[in-house]
Amino acid sequence: MHQVSLLKRLAAFALMAGLAGAAMAQDAVKVGLILPMTGPFASTGKQIEAAVKLYMQRNGASVAGKKIEVILKDDGGVADTTRRLAQELVVNDKVQFLAGFGLTPLALATAPIATQGKVPMIVMAAATSIITEQSPFIVRTSFTLPQVAIGIADWAAKNKIRKVVSLVSDYGPGIDAENAFKGRFTAAGGQMAAELRVPLANPDFAPFLQRVRDAAPDAVFVFVPSGVGASFAKQFVERGLDKSGIRLIGTGDVTDDDILNRMGDVTLGVITSHHYSAAHPSAVNRAFVDAFTKAAQMRPNFMAVGGYDGMHLIYKSLEATKGATGGEALLAAMKGMSWESPRGPVSIDPQTRDIIQNVYIRKVEKSGDQLYNVEFDTIPMVKDPVKAAKP
Amino acid sequence: MPEQRAISMLTILFDGIAYGMLLFVLACGLAVTLGLMNFVNLAHGAFAMAGGYLTVILTGRYGIPFLMCLPIAFVAVALLGAVLERALYRRLYLKGHLEQVLFSIGIVFMAVAAVDYAMGSQQQFMQLPEFLRGRIEVAGVGIGAYRLFIVVLCALLALALQWVLVGTRFGSRLRAAVDDPRVASGLGINVDRIFLVTFAFGSGLAGLGGALGAEILGLDPTFPLKFMIYFLVVVSVGGTTSVTGPLLASLLLGIADVAGKYYIPNAGAFIIYCVMIAVLMIRPQGLFARGSSR
Amino acid sequence: MITPPNHSAIIEAVAASFTHATRWRALEAAFWLLPLAAVLVFPRHYLLLNEIAILGLFALSLDLVLGYAGIVSLGHAALFGFGAYGAALFAKHIHADPLLGLAVAIAAAAALGLVTSVLVLRGSDLTRLMVTLGISLILYEIANQLRWLTGGADGLQGVVMKPLLGAFEFDLSGRTAYLYSLVVLFASFLVARRVVHAPFGLSLQALRDNRLRASAVGVPVNFRLTAIYTLAAAMAGAAGALLAQTTGFASLDVLAFHRSAEVLLVLVIGGAGYLYGGLIGAALFALMHDRISALTPQYWQFWIGLILVLIVLIGRERLVRPWTWIAAARAAQRTARTR
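Chains as they are written, first to last, in the working numbering: chain A, 1 to 391; chain B, 1 to 294; chain C, 1 to 339.
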């Protein structure tokens, strides 16, 4: 009797220890964060990484009893690398979430991995409309270009701008922006005088600006990658095009908060539409910007807020499932979630898993010695128009 | 309106000339290095980048006037070139082209990563002095002040280079060394020293070009890789045996590039590559070079 | 009195040396057992192994061109990328069988190699360098422009491969992918080995060392160069097709300059001119890349550049085959003594 009960107690103890050990091993929830930390899009990676760190610092490193472990990988902006890293993270590290994705091709390449591995994939930066359609496990917290481009198209139509020349960089997002703007603007009665596409590795805007001058439009709609906008704006002013009555409009990528100050006063008066400005006048945003600037020594931009909200989504979905990490359950928790982000109110569309958010019309103004995108108009809770238009 | 078209054409022409002049200053160092030392230095763009970043730092952080930074950039990068030549490059003169290519690619990678580490990967912005920022109207054709400045400065440089090459003793020694290093050294010409001076000078010119071009071409850590092909095109089309060859080639390239992008925007980038391949096929030593190829 | 040469003895000796060269050494057999062993030893790293196999095949194709024919190419990625897009487009629009797609990609890349070989024949080293670079840049631009076909900068999506041989699915762990790539690599290696040890291959080496003399002896220079370039193009295209098929994706990156630069580096690390160099270099490079980017994801390019510079300064021969230091030193001693 004694022996049996001793044995039983030992067995029970061993079982408990084993279970506890297993439970301890499972107590970490791993997030595979794949970002371009090197290469031409490294600024995106840096902003998002800083935002993720900030969120974890402000909200603690564990949720629903589970410790959050972020595994950061650099894909250098190359889609093959992103895909391989995602595959390794899912197969070897057994991550419960994939996050990041600085560019459209990176997200598109990884979509099949998310589907095959049944892992929620949180797109924090890429902005092409079709991304969320590539896998039922993709949720986006950044924005889509059409979503923000229609804002400026509407504004232009309402503000005596009849003739527009669009000038975009010749790659996916540029063409997306061009199509979105054109569709909305012409539907509102505007006229596209010319649609110029500039090679991505372009050193010099001279011939294109000459074309703009020849067409003599009311405004030129610009989409170029962040950083290039500065040299564009400079050459625009250098040619005296701003004095000739042609307004410079575009999406907020041109007046990226990250480099706005360095672009200088040539950008004053440029009107853009976007989903986030560091000057957004809400208490949540002011606290966010202050904390971010203190921690990372740089101003947060729309990439950072995409990363911040992505982490929020991860935390809240884990809370909703009480720590359970099945992909489908987490996804179900994410659909329809809504909260107050530093950018304003946001929610995740349950049908498309894309983000619904405000789009602001802003103007570049000086405040003290800093340049900011100051919001003066709001279009509330915009859904991605491309997917909304589909039956 | 034909008048409007004429004005557009003239503006494009002028822009092309400015762009071409910039390319010339950037690439002529490579042409001379290649012609003289038969050394394929793909890292030439790294020297240009060095000059550009140095100028950005001096004007931005220390407030040194832009015009003063130009000679500083030239001298500093020339010194850098001299040091590298003595330390590294001269061991590779006798090695094959493959080694030289690999070596210079290695240097480029190191330079790109080092600059990324030190300065970050975003575009750098140059603060130009006021008098270079405006625009001048000449018979209806708008001419940017900065571009005009570039054209004038580079034209003066080209003239100076041509004079040095043709009118000075150093120039004739250089030409002798290019034609036949063995005979030249047999005649008592210090070929070693000529290599050093020429390499340093060519690098200095690249640095100057980088400082001048940062405003128009953009400046970020990937600059050497982006513009490598442009320099190579100038050298292959213009040949390596003179100053006028690369000058004409750069002008041709600049105008073709700008005009091409204006008139046939979709084919913009193609034109350069196709021209280069066509020229290399027909005349491997370059369109404007005289004498035998190597 | 001079004894006349014994012709039949000479012919026999030459034939014997050919047979000797083509015989499989024990070291070679051991080498090929390694990738098979890797399946058992590293079951979690199929993706990395697959990458090594593909890179190895790509480097092998460059070895034929550079190591054996002496053509310095800065644009080998053009052939690689052409094969990748060919396989991806074939799978997406026509038929998703892997082997069929591989065959199509090989044919396409070989065709491109044949057409561009005309440009590569003429001119000096420098000319060839720039022409090959120009070709790959043009191809990159074309792929970028034909967005409706290639997906442009977004890349070509929706390439879902059917199971290999009807039975082996391309699974998430990458095992099928790795074994597939390995088999294709081995098959290509056998072909290369056969070609290189045949008289054709020897004539190529003669060509590489001194083109003028080779043509004076009667070697049809242009024909041989075109042939080897086309063969190498076919192999590079196969490597590209493998990449597209095993990742289900093709983007502009397959045509980018850094691919050409990297494969050159891989070949240099391993050593050109003896076929195994590309494979060894690929393994070393991929492992290095993996390790270094895990440590410093941001600046691994710096270390690669440093390695390149060091390799060139120390001398490729001495690094890869350290015994040549001793041989060279002895030879120098001998010549010093005989002076």
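Calculated directly from the structure, the hints in this document are not laboratory data. What you are looking at is a predicted structure, and each value in this text was computed from that prediction instead of being measured. Beta carbons: idealized from backbone N, C-alpha and C, even for Gly. It cannot be assumed that every hint is accurate.
Said to hold, decoys possible - Footprint (simulated), chain C over chain B, 3 or more residues, beta carbon under 8 Å:
| id | stretch |
| --- | --- |
| 1 | 16 to 25 |
| 2 | 111 to 120 |
| 3 | 229 to 241 |
| 4 | 272 to 281 |
### Message
Cut-off 8 Å, C-beta pairs, minimum 3 residues; does the coverage of the stretch 229 to 241 of chain B by chain C stand?
### Response
holds (count 4)
### Query
For the stretch 111 to 120 of chain B, does the count of residues with a C-beta closer than 8 Å to a C-beta of chain C reach 3?
holds (count 6)
### Given coverage of the stretch 272 to 281 of chain B by chain C, checked by CB-CB distance under 8 Å (3 or more)
holds (count 6)
### Query
Counting residues of the stretch 16 to 25 of chain B that have a beta-carbon nearer than 8 Å to any beta-carbon of chain C, does the count reach 3?
violated (count 0)
Hint compliance for this structure: hint 1 alone is broken.
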